[in-house]
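First to last, the sequence lines map onto chains A and B. Under this note's numbering, think of the first position of the first sequence as 1, with each following residue one higher. Under this note's numbering, think of the first position of the second sequence as 1001, with each following residue one higher.
Simulated from the structure, these hints should not be mistaken for lab results. By construction, the Cβ of each residue, glycine as well, lies at the ideal position given by its N, Cα and C atoms. Each hint should be verified, as a subset may be incorrect.
Simulated coverage check for chain A against chain B, where a stretch passes if three residues somewhere in it have a Cβ under 8 Å from a Cβ of chain B [to be verified]:
{"no.": "1", "stretch": "21-30"}
{"no.": "2", "stretch": "110-116"}
{"no.": "3", "stretch": "217-228"}
Computed far set for chain B versus chain A, every beta-carbon distance over 12 Å [to be verified]:
{"no.": "4", "residue": "Leu1003"}
{"no.": "5", "residue": "Leu1010"}
{"no.": "6", "residue": "Tyr1013"}
{"no.": "7", "residue": "Ser1016"}
{"no.": "8", "residue": "Glu1025"}
{"no.": "9", "residue": "Gln1026"}
{"no.": "10", "residue": "Gln1029"}
{"no.": "11", "residue": "Val1046"}
{"no.": "12", "residue": "Phe1050"}
{"no.": "13", "residue": "Ser1086"}
{"no.": "14", "residue": "Ile1088"}
{"no.": "15", "residue": "Gly1089"}
{"no.": "16", "residue": "Leu1113"}
{"no.": "17", "residue": "His1121"}
{"no.": "18", "residue": "Leu1136"}
{"no.": "19", "residue": "Ile1147"}
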Amino acid sequence: MVLLESGFSSPRNDVFPAGLRVLVVDDDPTWLKILEKMLKKCSYEVTTCGLARDALNLLRERKDGYDIVISDVNMPDMDGFKLLEHVGLEMDLPVIMMSVDGETSRVMKGVQHGACDYLLKPIRMKELRNIWQHVFRKKIHEVRDIESLEGIESIQMTRSGCDLFDDGHFLGGDDTTSGRKRKDADNKHEDRDLSDPSSTKKARVIWTVDLHQKFVKAVNQIGFDKVGPKKILDLMNIPRLTRENVASHLQKYRLYLSRLQKESDIKNSFIGMKHSDPPNNSTASFGLHKPSNTMPDDVLNGTYSFPVNNSLVQTVDVKGQGDRHGIASVPVAEPKGALSKDIPDSHKTKSSQMSFDHYSLGSAASGVSFASFGSTTQARYSWTEIPEIQSKVEYEPVQPENGFNQLPLPEPSMIEKEVNRSRTEVKPLFDEYRSNLVGHSSPADLVDLFPGQSKNQTLKNQVFDPISATKSSIKTKDISQNCLADSEFAKRNLNAAGREVTLASLPEDLQIFWLQGDGYPMNIALQNFDFPEYNDPALIDETPFYSYDAPRLDHEHLFDPTEYYAIDQGLFV
Amino acid sequence: MDLVQLQRQLVEYRTSLYHEGFLDEQYTQLQELQDENNPDFVVEVVSLFFEDSERLLNELTKALEQQSIDFKRVDAHVHQLKGSSSSIGAQRVQKVCIAFRNYCEEQNVEGCLKCLQQVRHEYSLVKTKLESMFQLEQQILSAGGSIPM
């Protein structure tokens, strides 16, 4: 139709929502004209478009030229849902869908694809008057994420991985410097979450193992030194991934790497442990491989053997599937304290590593039935050591309603030991999460964690948002970032140093895990990252993570980096 | 006819259109959108509707004349027509479209052809009536009066 050029001015923030820059896309000329008039009556700045392609061009030309997009579902040149996806991915703008067809399945599809609202034609003035809320909501979330990210970073900078966990506040958010992170992990976390208008959760990106791998690949391709969010984003070419997501993740990754570096020294001693791989146990065990010299086999086994830990870890990991990356980081941080408690000393040292592993496992397993912890999972997630870390997060047999169902939380008994410790620590966190999660961690969310569900990704992502959003949506972001970073590390043969970093960043993430509702700290981290990539069928099928070979491997790679110096970096590569 | 009479006639006519289902609430919304900035808004929108509908009806006729009918295509057009008619409140046209879509789904050729005929009929009815109403409005405006709401 008619393409009306607006001034592309900046939104008039002073009189918001007046001046809201709306782009309307509809192939029906009559509706286009009517909507334009209606929006103008709302004092919005309107630009109309009769074709989806034109709309995309307009949006790309001026990435900051619009605040919100309203589009019809049925258009001749491009499916409205596709446009919706593009907009979400490339511009990360809120999109409202419209249609004369109000069938539930259509509406659901819209929501799945990321629409923030679905209006039925004929549209009334009052419906249009309120569209600004979607813009506002997104802004809030962004701010929150940024804050989270900053918080995590500061924490990592100021604390070593161990420190973070020493407090037992896995959240690590407590950063004196940032201040944002909760001084008192629990309290802060809670406050943050609670204060977070869960209603406005942003779609969180779940950094699943796959996604993280892509990320790492992109980073490697570009060159770690020259890397930048935009470049990475372009290389990755993932729909719906925003620059912010990548930036946030990159930050975490960097922290993770630096932490691994620091830990490399420590790890070197443990390198013996090289964990060839989670053989039966699970890829998770990979994580455990860490150098835990003291317990080379034990360690590995330990992971498994730590029923408590494992279970804990496992749950975490599983949750964090997507977060593997993030998880990796988490475990690292945590391991120190948490693991040590339950786990033999050897673990302790490893714990950090483990934690990392855990994370990695977590990520891989995130979707995976960590639940299976009880049984085999244990072995797999030797990382579970992370439970320590997780401890922050109440280790509740995470049975994610959704995806996590797979994680049959290991029998409490197993976890008891490990968990006990962590439980207490985690409890507070967990509780926090729980409260936050309650509303959010719907099964659907969990599902998202599982990478296996590619098709549900969109939906999952959405689902997860609430979860991650609830807790510390921001955190999740961070964590996920960390997680990914971790995995990256693993891949990159990063030393333990990276791990520390990741852990540190985890604090926030951990909280995210909680979101999962399972109380698995790991999960939280994982959860945050909507694991869109989690298409891991295994996960979805509720098969133990183990069965999901694909993810696991990734997982291993991811986590292992720092943790398992022993493990060849090459593995991850 | 004097101005007052004209205005009264208009109101009666318009009311009957609503009663007979030719127009619905949406038309009222359109009228409310009209203001000094766009004094001919309603007429412009309705004109767009006429144009678009005629195009769609032609497409539909063509599609249903095919040897092997592409029902998906037919349905797409009907869907568009449905959306279009909802924009100005052409309720009767919209209702036929709903039935039309059902036949498309069933791939019922007979039903589709019947609906096409029906929708053409309803469309021409509402078109005629709207044009009559606009004429009346124009007369009132020419006589120096204002259009009663």
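Beyond 12 Å from every chain A Cβ - status for Leu1136 (chain B): 22 Å, holds
Verify this for me: three or more residues of the stretch 217-228 of chain A with a beta carbon less than 8 Å from a beta carbon of chain B. Not satisfied, violated; 0 residues make the cut.
Exclusion check [Phe1050 (chain B) not at the chain A interface, CB over 12 Å]: Per Cβ check, Phe1050 (chain B) is inside 12 Å of chain A; nearest 9 Å; violated.
Beyond 12 Å from every Cβ of chain A: is that where the Cβ of Ser1016 (chain B) lies? 21 Å, holds
Leu1010 (chain B) and chain A, when compared Cβ to Cβ, separated by more than 12 Å: Check passes; 22 Å lies beyond 12 Å.
Beyond 12 Å from every Cβ of chain A: is that where the Cβ of Gln1029 (chain B) lies? Violated: least Cβ distance 7 Å, not greater than 12 Å.
Leu1113 (chain B) clear of chain A by more than 12 Å, beta carbon to beta carbon? At roughly 23 Å from the nearest Cβ of chain A, Leu1113 (chain B) sits farther out than 12 Å, so the non-interface label holds.
Would you say His1121 (chain B) is clear of chain A, with no C-beta pair closer than or equal to 12 Å? Since the minimum Cβ distance to chain A is about 20 Å, His1121 (chain B) lies beyond 12 Å and the statement holds.
Nearest-CB test (12 Å) between chain A and Gln1026 (chain B): 4 Å, violated
Non-interface claim for Gly1089 (chain B) versus chain A (Cβ beyond 12 Å): Label violated. Min Cβ-Cβ 7 Å, cutoff 12 Å.
With a Cβ-Cβ cutoff of 8 Å, does the stretch 21-30 of chain A contain at least three residues near chain B? holds (count 4)
Least C-beta distance between Glu1025 (chain B) and chain A, which was stated to exceed 12 Å: 8 Å, violated
The structure is inconsistent with the numbered hints 2, 3, 8, 9, 10, 11, 12, 13, 14, 15, although it conforms to all the rest.
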